[in-house]
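Trainee: One letter stands for each residue in the lines below.
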Amino acid sequence: MTYLTTRRPVRNLFNLHNEMGRVFGDLFAPHEDATETKETSWIPTVDISETGNGYEIRADLPGVSEDDVNVSVTDNVLTVRGEKQQEKETEGKNYHRVERRYGSFQRRFTLPRHIETDAIKAEFKDGVLTLGIPKAEAEKPTEIPITVSS
Amino acid sequence: MTYLTLHRPARNLFRFYSPFFAPQHTKTDADRYNWAPSVDVSETADNFEVRAELPGVAKDDLHVSVKDNLLTLSGEKRQENVDDTQNYRRVERRYGNFQRKFALPPEVKTDGIKAEFSDGVLTLSIPKSEAAKPTEIPITTVS
Chain A
1 MTYLTTRRPV
11 RNLFNLHNEM
21 GRVFGDLFAP
31 HEDATETKET
41 SWIPTVDISE
51 TGNGYEIRAD
61 LPGVSEDDVN
71 VSVTDNVLTV
81 RGEKQQEKET
91 EGKNYHRVER
101 RYGSFQRRFT
111 LPRHIETDAI
121 KAEFKDGVLT
131 LGIPKAEAEK
141 PTEIPITVSS
Chain B
151 MTYLTLHRPA
161 RNLFRFYSPF
171 FAPQHTKTDA
181 DRYNWAPSVD
191 VSETADNFEV
201 RAELPGVAKD
211 DLHVSVKDNL
221 LTLSGEKRQE
231 NVDDTQNYRR
241 VERRYGNFQR
251 KFALPPEVKT
261 DGIKAEFSDG
271 VLTLSIPKSE
281 AAKPTEIPIT
291 TVS
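Going down the list, the protein sequences come from chains A and B. Okay, so the first sequence: first residue is 1 according to our numbering, each after it adds one. Okay, so the second sequence: first residue is 151 according to our numbering, each after it adds one.
No wet-lab data here; the hints were simulated from the structure. Nothing false has been slipped in among the hints.
Computed list of lysine to aspartate or glutamate pairs in EDC-like fashion (alpha-carbon distance at most 16 Å, straight line):
1) B:K209 <-> A:D126
2) B:K283 <-> B:E257
3) A:K93 <-> B:E193
4) A:K93 <-> B:E199
5) A:K125 <-> B:D269
6) A:K135 <-> A:E56
7) B:K251 <-> A:E99
8) A:K88 <-> B:E193
9) A:K93 <-> B:D196
Cβ pair distances, simulated, as ranges:
10) B:D261 <-> A:E87: 18 to 28 Å
11) A:S72 <-> B:S188: 25 to 35 Å
12) B:Y183 <-> A:E137: 39 to 49 Å
Just so you know, even glycine gets a beta-carbon here, dropped at the ideal spot from N, CA and C.
Take these sequences, add in the hints, and give me the full structure.
Mentor: Written out as C-alpha cells, the structure reads:
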C-alpha cells in the first residue's frame, strides 16, 4: 500500500537518484535536506553535462525574471535560488486552470574539485539559465604525444 | 475507493464544470508526444489568456493554430549543442515534440488571437466577441 501515498512519482525517482549519489559520492549530486523542501515551492529541472574544458548546468526557469535569480558558490556548493512571481493580478481576472508553479525555488549542487569558481559564467536566455563552470588547468586532460623512436 | 484514481483532481474538476479550455487529447497523442507544457488559463471581461511554459524552445519551432474552434499549440524542444565530447551526468529536462489542444468557447474572435513569446513563456491573448462582453445596464430611478 506504500505507493498510494506517492503523489509525485518523478520526484521520488530523483530522490532515489540523489540517494544513490550520496552513497556513491556522485559529483553534482543535489544537496537537499528536509528544511529546504519546506521553504521552496517548486524545483527547476536541470541538465548537467561535462566536456574536456568544464561543466555545464542548464536549468529551466520559464517566466522567471533575471533579477529574481541568484547564483552563488560557498564552500564548493553551488546554489541557484530565486522566485517566480505570478503575473500581476488584474481586477476581474478569473483563473480557469493553473498548472504552472510559482514561488521561491532553490537547488544546490556539490561542485567537483579543481574548479575555477571565479570564472563561472551565468547566461539567461528564453527562460533557460546556463552556467558554464570551467575546470582548472590541472584538471584538463593533457594529450601526451607519442614519439616513435627509430 | 474512487478517489484513489484521481491523480489530478483539478483537471477532473475542470472537466465537470466547464467544457471550455478543457484539454483535448486522445490516447494516440500521448504516444506521439514526449512532454506537455504547463499552462495557466485565465479570463477577464475582454479576453481569455493562455500562458504556456516553453523554456529553451526556439520561436521557429513553435506553432499555434486554430481549426474548428480547437486551439492547438505544438512544436519541438531541441537539445542544445549535443556533441561527442559532452557527457551528460544528469538529464531532467524533457525534449522532443509536444502538443496541447484546447476547446475554445464559441464567443471568441479567432482572427484576433495574439501570441507573444518572452522568457520561455508563450502568452496567447484570445479576445471575446462584442456580444460576449458583459454590458452594464444603467438603472434609472423613477421619481
